[in-house]
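Novice: Since the structure of chain V is already known, use the hints to place chain A on it.
Going down the list, the sequences are from chains V and A. Throughout the first sequence, residue numbering follows this note's numbering, covering 1 to 316 in sequence. Throughout the second sequence, residue numbering follows this note's numbering, covering 1001 to 1316 in sequence.
Keep in mind that the hints were calculated from the coordinates and are not lab data. It is possible that part of the hints are untrue.
Here are the simulated lysine to aspartate or glutamate pairs, EDC-like style, with alpha carbons at most 16 Å apart [to be verified]:
(1) K169(V) with D30(V)
(2) K169(V) with D192(V)
(3) K1315(A) with E104(V)
(4) K188(V) with E166(V)
(5) K1312(A) with E311(V)
(6) K1315(A) with E311(V)
(7) K214(V) with D244(V)
(8) K312(V) with E254(V)
(9) K1188(A) with E1166(A)
(10) K1122(A) with E1104(A)
(11) K1212(A) with D1244(A)
(12) K262(V) with D1306(A)
(13) K169(V) with E294(V)
(14) K315(V) with E1104(A)
(15) K107(V) with E121(V)
(16) K315(V) with D1306(A)
(17) K1122(A) with E1100(A)
(18) K122(V) with E100(V)
(19) K1188(A) with D1247(A)
(20) K1315(A) with D306(V)
(21) K1312(A) with D306(V)
(22) K315(V) with E1311(A)
(23) K312(V) with D1306(A)
(24) K312(V) with E1311(A)
(25) K188(V) with D247(V)
(26) K1188(A) with E1162(A)
(27) K1012(A) with E1162(A)
(28) K1262(A) with D306(V)
(29) K1107(A) with E1121(A)
Number of protein chains: 2
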Amino acid sequence: MLTLSAIYEAQKRLAPYVYRTPVIRIQALDEVLHCQVYVKAENMQRIHAFKIRGALNKALQLSPETLKNGIVTASSGNHGRGVAFAGKLLGVPVTVVMPEHAPEVKKAAIRDLGAEIVLCEKSQRFVIADRITKEKGACFIHPFDDYDVMAGQGTAGLEMMEQLPEVDKIVVPVGGGGLVSGIATAVKGIRDSVRVYGAEPALCDRYTESFKKKEPVLVPVGDTIADGTMTARPGDKNFPIVRDKVDRVIPVEERFIHQAVKLLLQEGKILAEPSSSMTLGAVLQGTLPVAEDEKVIFFLSGGNVDLSMIEKVCKE
Amino acid sequence: MLTLSAIYEAQKRLAPYVYRTPVIRIQALDEVLHCQVYVKAENMQRIHAFKIRGALNKALQLSPETLKNGIVTASSGNHGRGVAFAGKLLGVPVTVVMPEHAPEVKKAAIRDLGAEIVLCEKSQRFVIADRITKEKGACFIHPFDDYDVMAGQGTAGLEMMEQLPEVDKIVVPVGGGGLVSGIATAVKGIRDSVRVYGAEPALCDRYTESFKKKEPVLVPVGDTIADGTMTARPGDKNFPIVRDKVDRVIPVEERFIHQAVKLLLQEGKILAEPSSSMTLGAVLQGTLPVAEDEKVIFFLSGGNVDLSMIEKVCKE
Chain V
1 MLTLSAIYEA QKRLAPYVYR TPVIRIQALD EVLHCQVYVK AENMQRIHAF KIRGALNKAL
61 QLSPETLKNG IVTASSGNHG RGVAFAGKLL GVPVTVVMPE HAPEVKKAAI RDLGAEIVLC
121 EKSQRFVIAD RITKEKGACF IHPFDDYDVM AGQGTAGLEM MEQLPEVDKI VVPVGGGGLV
181 SGIATAVKGI RDSVRVYGAE PALCDRYTES FKKKEPVLVP VGDTIADGTM TARPGDKNFP
241 IVRDKVDRVI PVEERFIHQA VKLLLQEGKI LAEPSSSMTL GAVLQGTLPV AEDEKVIFFL
301 SGGNVDLSMI EKVCKE
Chain A
1001 MLTLSAIYEA QKRLAPYVYR TPVIRIQALD EVLHCQVYVK AENMQRIHAF KIRGALNKAL
1061 QLSPETLKNG IVTASSGNHG RGVAFAGKLL GVPVTVVMPE HAPEVKKAAI RDLGAEIVLC
1121 EKSQRFVIAD RITKEKGACF IHPFDDYDVM AGQGTAGLEM MEQLPEVDKI VVPVGGGGLV
1181 SGIATAVKGI RDSVRVYGAE PALCDRYTES FKKKEPVLVP VGDTIADGTM TARPGDKNFP
1241 IVRDKVDRVI PVEERFIHQA VKLLLQEGKI LAEPSSSMTL GAVLQGTLPV AEDEKVIFFL
1301 SGGNVDLSMI EKVCKE
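Only chain V is shown next, with the shape it has when bound in the complex (with noise of 0.2 Å):
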């Protein structure tokens, strides 16, 4: 189970650890989006991604007879180098299963921190990380269906609540479903009333049809530029946390996802991942309702992007 007071205790153990990211507020972007912008910064984080708190919150917890053969996970880039983060600080090896179309920038960041990173078809990532699992004896450390890694994500909720207490509504990139997971279950424990959304990439709506078969299913991946969030299939664990208590996940079109690259850094002057700007996609898109005396949270949870994409993307 995922409870607030377990987020309150990744909250005590992660701080000697990650950054207290900014609540910024960017004024420039309130006459495009309708509404009072912010946007937690968590591109400015440590391995400049939220995904060190999961990461962290879940390797600290494991025994040193759990991590003698190593850890092993798969991710889109951003898990993989909070793992990584983690194997280095408690000396353990790490391998990265991730996909061979991930950005430059990512395999880099997790090759830097001494981890073995092993390429593959983004459809098998789950599969060939098991196999790995196994073969080493080493533990695995999931990217989102997990309580101890929602926990961990769950703490920028906490943070955001101390940053802007009177928040009215807060956008949140979804992919598996760890981090709307945490940061629903932090915020709603706090104020039941703020509105908590998600946003998921509309080529790869595993939320959307889930929720209408009323279980997870698999979904085509299509090809969104919004690399940090290509799941094909809601977490058990997550999907019924997401149900419960996220207002509502919102699938964005892919024009909308690359006119927030253009907005948020040309407007915005904030250098974020395309999965960060399809926040403010979702409004763009018009699905998102806001009000122009409504406070808003764009939750950008990373910076590790190509600087050539982004400059391609504002061409168009």
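Specialist: Quick look at chain A alone, frame taken from chain V:
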């Protein structure tokens, strides 16, 4: 004369028009810059530059009679955009004389505000602006050598003292000296022990040279990437203020400005002009003294930057 009370009056005058930009804590930069890093994000200001403050504070005090033949200014770009904004607000035609090599993004933004642009060789812009002003019988708004302009820029100093009252040091980009005059007057007027430093391009070190000569002198304008600070000579009204109130003006070598541009974008995840990043360059260069326990605000003067240039610098 420039006084603290004139700056407080400017703050009231400007309140309906300018943003209160955030002071952002960027912990990810602490290890590299060896202090507690904050930025004053005027790159997120309306028109994406602090220049709106000074230009508007001046224009709002001019009589309809003075304004009846329009406004002319000479600018590397951002002041021109500030004056263009003021002209549009007041319904007055504006002509901006600017260097032909100014970034496209700055030219486009000025045209978008309905102002006329006259391009020229960079050293000729004041001469040509003066001629056009006389031809039109227009009103000239100087980019820095003007007490009302300085008072407007100083309002950013008042904000920093409200936003981070315990700040130890503030580092400000220096061109003609209007911004640093305003900020030093505001900051030292509130708390004299705060250190205020200027950073100027070594390729255009008009304050460093003028201090040696004890009067404003003309220096050659080298080809610096800090395009917002290519002024050949300190303003006559600015010089004594900078001399008396600014703790030191540091010439920053080009390679450290380049390093700082990369650092701010890749590690700080903030897009700002090279003129802004120059403030971080002063620390990278080792000539601005800071300590691990000191809270230092780096003043990000603007965000009007051609993305292709940034990508080029990041690839170096």
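Novice: Hint by hint, say whether it matches the structure.
Specialist: Evaluated hints:
Distance check on the hinted pair: K169(V) and D30(V) sit about 14 Å apart at the alpha-carbon level, within 16 Å; holds. Between the alpha carbons of K169(V) and D192(V) the distance comes to roughly 11 Å, so the proposed pair stays at or under 16 Å and holds. Taking the CA atoms of K1315(A) and E104(V), the gap is about 14 Å. The hint holds against a cut of 16 Å. A C-alpha spacing of about 13 Å is found between K188(V) and E166(V), which places the hinted pair at or below 16 Å, so the restraint holds.
The hinted pair formed by K1312(A) and E311(V) meets the criterion: a straight-line CA distance of about 11 Å does not exceed 16 Å. With a C-alpha separation of about 13 Å, the suggested pairing of K1315(A) with E311(V) holds against the 16 Å cut-off. Among the hinted pairs, K214(V) with D244(V) is consistent with the structure: their alpha-carbon atoms are about 12 Å apart, no more than 16 Å. A threshold of 16 Å between alpha carbons decides the hint, and for K312(V) with E254(V) the separation of about 15 Å falls inside it, so the pair holds.
Distance hint between K1188(A) and E1166(A) is fulfilled; the C-alpha atoms sit about 13 Å from each other, no more than 16 Å. The hinted pair formed by K1122(A) and E1104(A) meets the criterion: a straight-line CA distance of about 15 Å does not exceed 16 Å. For the hint pairing K1212(A) with D1244(A), the CA-to-CA distance comes to about 14 Å; that is within 16 Å, so the pair holds. Restraint check for K262(V) and D1306(A): satisfied, since their Cα atoms lie roughly 13 Å apart, inside the 16 Å limit.
For the hint pairing K169(V) with E294(V), the CA-to-CA distance comes to about 8 Å; that is within 16 Å, so the pair holds. Our distance criterion of 16 Å between C-alpha atoms is met by K315(V) and E1104(A), whose separation comes to about 14 Å. Between K107(V) and E121(V) the alpha-carbon distance is near 15 Å, which keeps this suggested pair within the 16 Å criterion. For a cut-off of 16 Å, the pair hint linking K315(V) to D1306(A) stands: about 11 Å separates their Cα positions.
For the suggested pair K1122(A) and E1100(A), the alpha carbons sit about 7 Å apart, so the restraint of at most 16 Å is met. Distance check on the hinted pair: K122(V) and E100(V) sit about 7 Å apart at the alpha-carbon level, within 16 Å; holds. Under the criterion of a C-alpha separation no larger than 16 Å, the hint pairing K1188(A) with D1247(A) is consistent with the structure, at around 11 Å. A hinted pair counts as satisfied when its Cα atoms are at most 16 Å apart, and K1315(A) with D306(V) qualifies at roughly 11 Å.
With a C-alpha separation of about 13 Å, the suggested pair K1312(A) and D306(V) falls inside the 16 Å cut-off, and the hint holds. For a cut-off of 16 Å, the pair hint linking K315(V) to E1311(A) stands: about 13 Å separates their Cα positions. Proposed proximity of K312(V) and D1306(A) is supported: the alpha carbons are some 13 Å apart, at most 16 Å. This hinted pair checks out: K312(V) and E1311(A) have alpha carbons roughly 11 Å apart, not beyond 16 Å.
Of the pairs offered as hints, the one joining K188(V) and D247(V) holds, with about 11 Å between alpha carbons and a cut-off of 16 Å not exceeded. Simply put, K1188(A) and E1162(A) have alpha-carbon atoms about 13 Å apart, close enough for the 16 Å limit, and the pair holds. Taking the CA atoms of K1012(A) and E1162(A), the gap is near 15 Å; set against the 16 Å cutoff, the hint holds. Of the pairs offered as hints, the one joining K1262(A) and D306(V) holds, with about 13 Å between alpha carbons and a cut-off of 16 Å not exceeded.
A threshold of 16 Å between alpha carbons decides the hint, and for K1107(A) with E1121(A) the separation of about 15 Å falls inside it, so the pair holds.
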